[in-house]
Amino acid sequence: MIFPDKLSQIKHICNMKKFITFNKYNYTGYLFALMVICFSSCGEEDEGVGERLEQSMGLYTTSASLNLGDEITIAPKFAPGVTPKRTYEWTADNPDIVSMVVDENYAVTLTALSEGTTNLTITSADGVLSRSCPVRIFDGKAGINVSFGPGSNGSFSDGWNLLSSILDGGMISNLKTSTGYGTGIAINVTGRFNQTGSTGESETDTELEMPEHVSSGYFLGNSWTVFQGVITEQSTLTLEGLDSDKRYNFYFFGSRAAYTDYRSARYSVRGANEGADDLNGSGNSSELAYVTGIQPNENGEIFITIQASEENSSKQGFYYLNAMRFAVAEEVK
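Numbering (our numbering), first residue to last: 1 to 333.
Keep in mind that a hint or two might mislead.
[Stated by the list, open to error] Here are the simulated distance ranges between beta carbons:
id	residue 1	residue 2	range
1	M100	D126	19 to 25 Å
2	S56	N297	34 to 40 Å
3	V102	N153	39 to 45 Å
By construction, these hints were calculated from the structure, which means they are not laboratory data.
Because the structure is a prediction, the values reported are computed rather than measured.
Yeah, the Cβ is synthetic: ideal placement off N, Cα and C, and Gly gets one too.
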């Protein structure tokens, strides 16, 4: 497009709608004023972009499971390069079980005070953005009790979780503490047993303080020869969801009433370290096997193997698992 003079060109570029008159003496002044206005407008537009409010928010931690006394810091997550312009507030729907300290970047440090569950929520003051993180707190030192034998798999009674499935894949996905709080810890059968039974000793005297329905039920395996068409040289359990920064103590009870031969089992526990202990299950009503100070591997797993010990004198190599307790021992230094 050809313009008759420079003013027409300037008017076209700036899309001016108002007719402007000037003469050759104020042309230079007008051009200077136009440049000032244009630069000023550009500066205001840039500043507006810089003040734009963040449009989304996430959390670096989306769920948490804590032992009593544990601390965790949960921070909001914004898009790369975005500095939040909104103000935010953290709330808990069960505030009595946690304490919260929030820093200048809206990261909250949480301390677990008592057992229970709470939903932790961060919300912008204008209510536009909000994210939540479920938190589960349990007393790891209270112990988790697992009984083995016939019944309803995963049921919880008298402080005991019942595992009744002897086959690979049998599991409880959320073990409860002895006080009844879910831990998110799972137990899986990863090497089958032969069968279940309910002829363990009914009256026992151990620190596990087992009710009759716990001590009398059991899982049975046979390491040496075939029994009822099956041989189980060893049986294995896997615990998942443990805290890799903790050590755990394990207590095992095995019992079969009315037998006098030596039906001894070896209970081996392996994580980042390992240990083992033997226990004779024949007529046992008072003895436990102990494996202490086991740290989970980096994935939070511990593997338990049960098999006949070398001293086992039964023809089939019978071994028993009636009950197990594990509890947090100490923090790894």
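Right, here's what the structure says about each hint:
{"no.": "1", "hint": "M100 x D126: 19 to 25 Å", "verdict": "21 Å, holds"}
{"no.": "2", "hint": "S56 x N297: 34 to 40 Å", "verdict": "36 Å, holds"}
{"no.": "3", "hint": "V102 x N153: 39 to 45 Å", "verdict": "43 Å, holds"}
Every hint, counting from the list given before, is met by this structure.
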